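There are 2 protein chains.
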Amino acid sequence: MRDERLCEIRIVLIGVGNIGRRFLEVLDRKADLLGARYGLAFTVVGAGDSRGAALDPGGLDIPTLVRIKMDGRSVAEYPGRGRQGMAPLALVQQVEADALCEASPVNLKDGEPGLSCIRAAIGKGMHVVTPNKGPLVLAYPELIALARERGVQLLFCGAVAGGLPAINMGQRDMAGATIDRLEALPNLTTSFILDKMSQGLSYAGALAEAQAQGCAETDPSLDVEGWDAANKLVILANSVLDMPATLDDVSVEGITGVTAADLERAKAEDRVIKLVASAVRQEDGTYSLTVAPTPLPAAHPLARLSGQQMGIVYHTDIYGTISAAILEEEPIPSAATMLRDLLSIYRS
Amino acid sequence: MRDERLCEIRIVLIGVGNIGRRFLEVLDRKADLLGARYGLAFTVVGAGDSRGAALDPGGLDIPTLVRIKMDGRSVAEYPGRGRQGMAPLALVQQVEADALCEASPVNLKDGEPGLSCIRAAIGKGMHVVTPNKGPLVLAYPELIALARERGVQLLFCGAVAGGLPAINMGQRDMAGATIDRLEALPNLTTSFILDKMSQGLSYAGALAEAQAQGCAETDPSLDVEGWDAANKLVILANSVLDMPATLDDVSVEGITGVTAADLERAKAEDRVIKLVASAVRQEDGTYSLTVAPTPLPAAHPLARLSGQQMGIVYHTDIYGTISAAILEEEPIPSAATMLRDLLSIYRS
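Chains as they are written, first to last, in our numbering: chain A, 688 to 1035; chain B, 688 to 1035.
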């Protein structure tokens, strides 16, 4: 039963996996609060996964979508509303919606299917919220220009450090400042592994434990070789530092070469080794971008973060040194960032 | 020479002391950047202090204002534009401006002169930015309702923890969440004193050092008895937790009773005593508000903060646990918060 006093926002969701499905769960759990606090009702008019789509202008039932995905099936099996084999892009093109929530798997080769969906949605005048790094790393300047041109918003506060509002702080709260330096621990896997290694495990043992706990992929190279952190640094450079950087601009060293001896030597100097993504302002106003294992002094705001925390530090000229961290024990905060972005757009 | 391509924002500044004067310095230093980055030019059309005012619709010269105040004089002595004895309220009433920057001394008895100036400015349809706790603690619900009614913004991101965007994070980045608990170290003086005491100084010795360094008032009671932290907690409750709290709702205990033995006992348990302002959500949705010396476990995000840092932790249902801290070694960040607020209003 639709409440006529609420403002209805029609959304289409691409990607109903770990992040997308949990986003739906958050939406469902928060429906009453969103109505009462903000006067908003979000209706899912379309959802697409790798096998097909479901669409209904009157709104899909969120618990049904969640149950289908929990059963390992495709949204294409949504009773009476499913479309086997319908591609995400076709769904975005066909559906009438106000906003695209793009949570398809991260693809750093060509950004698909997210990139095309985002382009199409912006082209149709839809707002876009996404934690998907791929399209942002590959096409940030193009997508932001397109959004400006069409007068819509492209928000992605979940793309850098899970639920931590690292980008929002940089874009909004550092307004007017010159950011002299930025340091981030945006990758949980490497923090977890280094944490375990500092407790005495070998690199291989720590990696195995990370994999067993689901915090490292079977092929961990994206994380342990530093590329995930580098991707996030590219997004920070583009969105916060106003520098149209690409991966080619980042000097990247992962943690695979970090030894027990390195960790012990750091400890003896009251330091902790973390995989730090940093941007240091140069005289010409651009930033030197680096991802590397870095021995941080114990008093450094990022030194004390555990293997379940991500963090960022902004060193500025007029706002002092501001740090922030998140303890994210499950993926709900990362999923909820799409709600945060939607509320940035729609709350009055 | 005015640049015609810039959007001119006319501001009036009440209070040209530690915060107000530094705000002017920041505005001056940032004029080129604000024009280039945001297309904005801020013109100070009026300034008032306790002895008088200066006003010029064409804009007062900021370096002249700063020099007059550095000399210990009143803005009323501004060459050709000064008005001896003109009250702040009269200035606000008389001047044509877009925004009021209110930085008069904190007055927790009746909020004056800030409160009347803010009321008058909002009544005239001006936006207001202020780090002044007095009017907010005494009249938050009234002022916010008035601002809504007039369609203007009342922003005060500097009222709680200096340059830390604690309120912005709470209002914007926790959108959609239920905040289960909030903890803050919003008072530098008590952090400094407890820090020194943990290094072996007596309470009296630590207080004397704080006073010598200018980080405690001659009469330190507002800080050491916990009332400054309580005031900030009231502002957080009203602005972030949506609870129309007053000081009467806060249980307040200062640090005057903290002994060396307390600190040692805490240390033996790997804890650190801090003056924590906390809000804990009750079953009825309201919050239990407390300011008290609290032994924090070493792993607590606020435990490691030094005597020059302020911090906040939000414990939420959907965004995990998010903490933030600022290292503020001089009052520039607190002063710059008025610029942050102005940019929140005027940047497009």
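Just so you know, these hints were derived from the structure itself, not from any lab.
Treat the numbers as computed from the prediction; the structure is a model and nothing was measured.
A hint or two may mislead.
Note that the list lumps identical chains together, so a pair holds whenever it fits in one copy or between two copies.
Unchecked claim - Cut-off 20 Å, straight-line C-alpha distance, at most; resulting in silico cross-link-like pairs (SDA-like, lysine to any residue):
{"hint": "1", "residue 1": "K796", "residue 2": "R1034"}
{"hint": "2", "residue 1": "K811", "residue 2": "R716"}
{"hint": "3", "residue 1": "K717", "residue 2": "G892"}
{"hint": "4", "residue 1": "K717", "residue 2": "A862"}
{"hint": "5", "residue 1": "K954", "residue 2": "A985"}
{"hint": "6", "residue 1": "K717", "residue 2": "S803"}
{"hint": "7", "residue 1": "K717", "residue 2": "S1031"}
{"hint": "8", "residue 1": "K954", "residue 2": "R991"}
{"hint": "9", "residue 1": "K954", "residue 2": "P1018"}
{"hint": "10", "residue 1": "K811", "residue 2": "L776"}
{"hint": "11", "residue 1": "K954", "residue 2": "A718"}
{"hint": "12", "residue 1": "K717", "residue 2": "L888"}
Against the structure, the hints come out as follows:
Taking the shortest Cα distances, K796 and R1034 never come within 20 Å of each other, neither inside one copy (35 Å) nor across copies (35 Å). For the homomeric pair K811 and R716, neither the shortest alpha-carbon distance inside one copy (29 Å) nor that between copies (42 Å) is at most 20 Å. Taking identical chains as interchangeable, the C-alpha atoms of K717 and G892 are never at most 20 Å apart, the minima being 40 Å within one chain and 52 Å between chains. In this assembly of identical chains, K717 and A862 lie within 20 Å of each other by CA distance solely across copies; the values are 11 Å between and 31 Å within a copy.
Taking the shortest Cα distances, K954 and A985 sit within 20 Å of each other both inside one copy (9 Å) and across copies (18 Å). Proximity of K717 to S803 under the C-alpha cut-off of 20 Å is found in neither arrangement, the shortest distances being 30 Å within a copy and 40 Å between copies. Only within a single protomer do K717 and S1031 lie at most 20 Å apart by alpha-carbon distance; the minimum there is 16 Å, versus 27 Å between protomers. When the C-alpha separation of K954 and R991 is checked against a cutoff of 20 Å, the pair qualifies both within a copy, at 13 Å, and between copies, at 18 Å.
When the C-alpha separation of K954 and P1018 is checked against a cutoff of 20 Å, the pair qualifies neither within a copy, at 31 Å, nor between copies, at 35 Å. Taking the closest pair of Cα atoms, K811 and L776 come within 20 Å of each other only inside a single copy of the chain (12 Å); across copies the shortest separation is 50 Å, beyond that limit. In this homomeric assembly, K954 and A718 never come within 20 Å of each other (Cα to Cα): the closest approach is 48 Å inside a single copy and 45 Å across copies. For the identical chains of this complex, K717 and L888 are neighbours neither inside a copy (41 Å) nor across copies (50 Å), given an alpha-carbon limit of 20 Å.
Of the numbered hints given earlier, the model fails hints 1, 2, 3, 6, 9, 11, 12; all others are met.
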